[in-house]
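Novice: Taken in sequence, the protein lines are chains A and B.
Residue numbers are given in our numbering: position 557 of the first sequence equals residue 557, and the series is strictly consecutive.
Residue numbers are given in our numbering: position 476 of the second sequence equals residue 1100, and the series is strictly consecutive.
To be clear, the hints were calculated from the coordinates, so they are not data collected in a lab.
Treat the hints with caution; some may be incorrect.
[As the list claims (entries may be wrong)] What follows is a set of in silico ranges between Cβ atoms, one per label pair, in the way DEER data are often shown: (1) B:E1244 x A:R379: 46 to 52 Å; (2) A:N16 x B:E1101: 46 to 52 Å; (3) B:A1213 x A:G559: 43 to 49 Å; (4) A:G216 x B:A1213: 48 to 54 Å.
[Said to hold, decoys possible] Pairs of lysine-lysine residues, derived as DSS-like cross-links and limited to a Cα-Cα distance of at most 27 Å, are as follows: (5) A:K563 x B:K841; (6) A:K219 x B:K841; (7) A:K217 x B:K1229.
[To be verified] Residues from chain B that keep clear of chain A, each with C-beta distances beyond 10 Å, as calculated: (8) D954; (9) V1167; (10) Y1221.
Only a predicted model underlies this, so the values are computations on that prediction, with no experimental measurement involved.
We treat Cβ as the ideally placed atom computed from N, Cα and C, and that holds for glycine.
Protein chains: 2
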Amino acid sequence: MANGYNGRILHVNLTNSSWKIEEPGEVWYRTYMGGSNFAAYYLLKELKRDVDPLSEENILIFACSVVTGAPISGFNRYTVAAKSPLTGAFGETEAGGYWGPELKFAGYDAVVIKGRASKPVYLWIHNGDVEIRDAGNVWGKDNWNTLETIWKEVGDKRVRVASIGPAGEKLIPFATVQNDMEHFNGRTGMGAVMGSKNLKAIAVRGTKKLKFADPGKVKEITRWHNDRIKTHPPNVGLTKYGTPGLVKGLNNAGILPTHNFRDGVFEGVDKIDAEAYHNTIFHSTGTCYACSVRCKRRVASDDEKYPLDPRFGGPEYETLACLGSLLENDNLPALARGNQLCNLMGLDTISTGCTIAFAMECFENGIITEKDTGGRPIRFGDADAMLWLIEDIANRRGFGETLSLGVKEAAEKIGNGAEKYAFHIKGSELPAHDGRGKTGMAMGYALSATGGDHVETPHDTAFQKNVGSLESLGILEPVRPLDTDYDKVRYFSLGQKAWGINNCLCLCNFCSVPIHAMTFAGLVDAVTAITGWNTSLFEIIRVTERSIVMPRVFNNREGFSPKDDRVIRRWHESFENGPMKGKRIDEKAFRDAIDLYYELSGWDKEGRPTRGKLVDLNLEWLIE
Amino acid sequence: MANGYNGRILHVNLTNSSWKIEEPGEVWYRTYMGGSNFAAYYLLKELKRDVDPLSEENILIFACSVVTGAPISGFNRYTVAAKSPLTGAFGETEAGGYWGPELKFAGYDAVVIKGRASKPVYLWIHNGDVEIRDAGNVWGKDNWNTLETIWKEVGDKRVRVASIGPAGEKLIPFATVQNDMEHFNGRTGMGAVMGSKNLKAIAVRGTKKLKFADPGKVKEITRWHNDRIKTHPPNVGLTKYGTPGLVKGLNNAGILPTHNFRDGVFEGVDKIDAEAYHNTIFHSTGTCYACSVRCKRRVASDDEKYPLDPRFGGPEYETLACLGSLLENDNLPALARGNQLCNLMGLDTISTGCTIAFAMECFENGIITEKDTGGRPIRFGDADAMLWLIEDIANRRGFGETLSLGVKEAAEKIGNGAEKYAFHIKGSELPAHDGRGKTGMAMGYALSATGGDHVETPHDTAFQKNVGSLESLGILEPVRPLDTDYDKVRYFSLGQKAWGINNCLCLCNFCSVPIHAMTFAGLVDAVTAITGWNTSLFEIIRVTERSIVMPRVFNNREGFSPKDDRVIRRWHESFENGPMKGKRIDEKAFRDAIDLYYELSGWDKEGRPTRGKLVDLNLEWLIE
């Protein structure tokens, strides 16, 4: 291996305020490459089983990849991982922005955090140096005030800050980590883990220029990729409308999650779709490090009731659905205000929206009443109820205290049949994709180690049209989106590995393989040019398969079993209206597909990767 | 799939002298790509189980690949396959030369032959046209006379002829098919299957220029590859000495098969090694279509006792060992003469040498005596005994009649404990590699669907030094050649797929991946430039895995089971001398490694690919 990659991992122990540097060596870097694999490696190596996720024993990992920080569009993400307080399973959540590249410029590929500080602290990492600083000035503050205060304290506005808001401090199991107010490690409650460690933020600044094995080639790929982004249809759409562009299409297809996942069409869709967005609240576009897609939207409004500040982020598709159609809320300014409240407080908009939808359906069905909610009705379509519930959840007060547990535990606390409307997988609320319209996404939700996860999962619509690079995987014909047959299981498995590449390498789905502007060949060239490794798509997909298998082993160790690999009851019931009327996922066929997936993946009937599969993937250290 | 590949398969029925053309379509071509996959596809689809290999029901396939005939070095091979009369298992054997490309120029990717002609015939395929011609003038003739006669009959010396010699006509189960007197489909007795169909030869001539999706890129890869061949060390060695260059190195390592696989060093090695070869019998070099390696050697001698004709081919490494060290024969001119006799008669030199070695050891141990052999001793080191035995085997006369059965059946016929010295796997004699010195090769021998096969098997020495493109597979560190541990099983499995690419795409190991001058990236580019498919190493290795799984399913269907996946008794016994003294393969550890391989491969404990694995590989049509 010529010109090889070698980097550094920062290990911090908050209990005794110490830190040390690990250089794991090139073979380790090439075996795992980054992101979810780095996280899973440390969680499996160093975390005991059955640990309370909010105890000081949990391990919190911030990880980039060997290619993060290269100036190619989308090569800018990082992951945050730990055992999840929301699910008790493998917790992991990625974000874009500038924080990941900045960590690399500061000299580290990842930060592994153990223990718990005796009082609130933040980490200040600058060009290799590390300080564990008192967070007295920022504890209790929202994310914006935290950011501004830390800028002042370190005296540099170019510092990138990943922080938690009050929700994380209050250990809400769906609290986020976020950076620069518009990039979110949203899912699985990593903000609560950070809070449990008394860690308010990690501020990073680096001026180290990354060394690439072939800088000329990196430049060439960057240019070629940016040119493709300008014309590759899925990217053209993202550049024009961002993710809000999805709202209308999904509604037209009859699968825009509406009324707590009951329906797939939303009457008020025209008021929250991309056109409405751009004609009303849109302020400007934003982007991530070195990315030419510019899919981020910022919003602004002087409205007194629903003021919007462009610094606090604009709603993405998931938020438009979870705080919009899912609640039958067509009040876009209120929706965007709800989004900004979540951002300021550090709440995941997906889990927050799903939890409110759950509450609204419970209210609709008399399972909870105004007696429970402090005298205020919680009805579908009531934007203001959404807003006060967000504030109450973030502050864990009133009925918000119950909802701050997430739908699974809230339903248990409420009782009275509430679990009938508590839609979650492995304890995680669901992103805004209805599995009845895309069985591959449904399989991804069922099988994701983190609970319902829409980022690591293949998109059936891509299979259907066979767009992008799918042919390079040997997917030669369109796959019917509603089936759960052999084709679907095979192509789900291939797609899962293909999309999983982005999780390992910390790339953005929106400019990478398999359906956006990056081709597989281009990606292999990029990894080679950056690292000097003479790699291949075959090797990269093997690395990716580790990122599927290791979290699975983690969850098996924590007691998860095939019964947890399921979707929500509602998806086995037919849509009652819209273009998908009558469509549902057959429960028996779906179970068969999951069982076939196990076998196809080299897992046993209990969904455990076999000894052979572990050996195949150089993971024999996980054989028990 | 733009610019896609679409070709034609010729189906011939000899029973009723008919033929037809199939155009299987692009998805089929891309799913299977060529060679062993095409063969396995037709054998599994169209051959009933339990058929007598020498009955008219057997199906004989000659197959190129989608890239055969491109002017890139090594892209020139074809395979011949059928149910093997030697093993009763999947029979398949590749050859280089010019015949494969000529078939492509004539308009076909493969020829599938069924039935049996009522009297001897040969096929004459010219620019798409097909004639089934009377073979009265060539039946009974040796390969050279057959070639010359057919040239005359069709009136064109540029015609390429794949033919059988008298050995094939006499249904000797290790009879070869060969083309141009120096390229051999040597193993598994395909010549006998051809003979059983009364098919003496297939003559082909085509003037069609192959169309490539990107001709400029094909040219560019050709030049780049030929430049690499000039400097890439393993290729430099092959160009200089051909395969005879291996003799000395293997002897020095203590693993040159000697004395019927008992020993690994041969006293007379200096008399049969590459230097002796080039100083005595060497005449000139030869090559295959468009190949710049030029590894073939031709030999010449006017010696009256051992005359050598440069038209009849020079011994390769396998022959130098099997007619040389294995018999303790250091008489190089006699050895080369034996090789030419085999070529003329159409006998596989590997099986022939192994069978004679078996006879010599039986004689040495009194299991057979001069009473059995017609009064002539058969002693190790007796070159003349080798020569008359070759002639008697080819003519099925005297003791040669017994030996013409191959070691397995000959031992059964001889009885008297002869099976103690009958070394075969699944009924196939072994190429000249001692598994005690390379456990990966031993695994390959044990697991090969065709019995001991040295062509589809990874080379431990490559793993040991980690040469060539192995890092692109994720093999990052040298692997110890003598182990049977997790590393070995994993890297064997990876290597098997990597070497298997050449079997699928009909490429020559000696200029292709993974250790010779072609890189994986170059190969992917070449397949893309030729076919127009936006492929990847991932897709190509999935195609290759089909070529491992389909023959396995074929053998399972024919009743083969894990007990057949074994090596020879001798390799579980220690070498008694040389650098490898004391080294053996532990039988229990080896069994464990095979069992782990099953699991790692997605096969069940009975060595049967699971339903999941078949679905994974688009082979659900093989689920029974």
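Novice: Which numbered conditions among the earlier hints are violated in the structure presented, ordered from lowest to highest?
Specialist: Numbers 2, 3, 5, 7, 9 and 10, in rising order.
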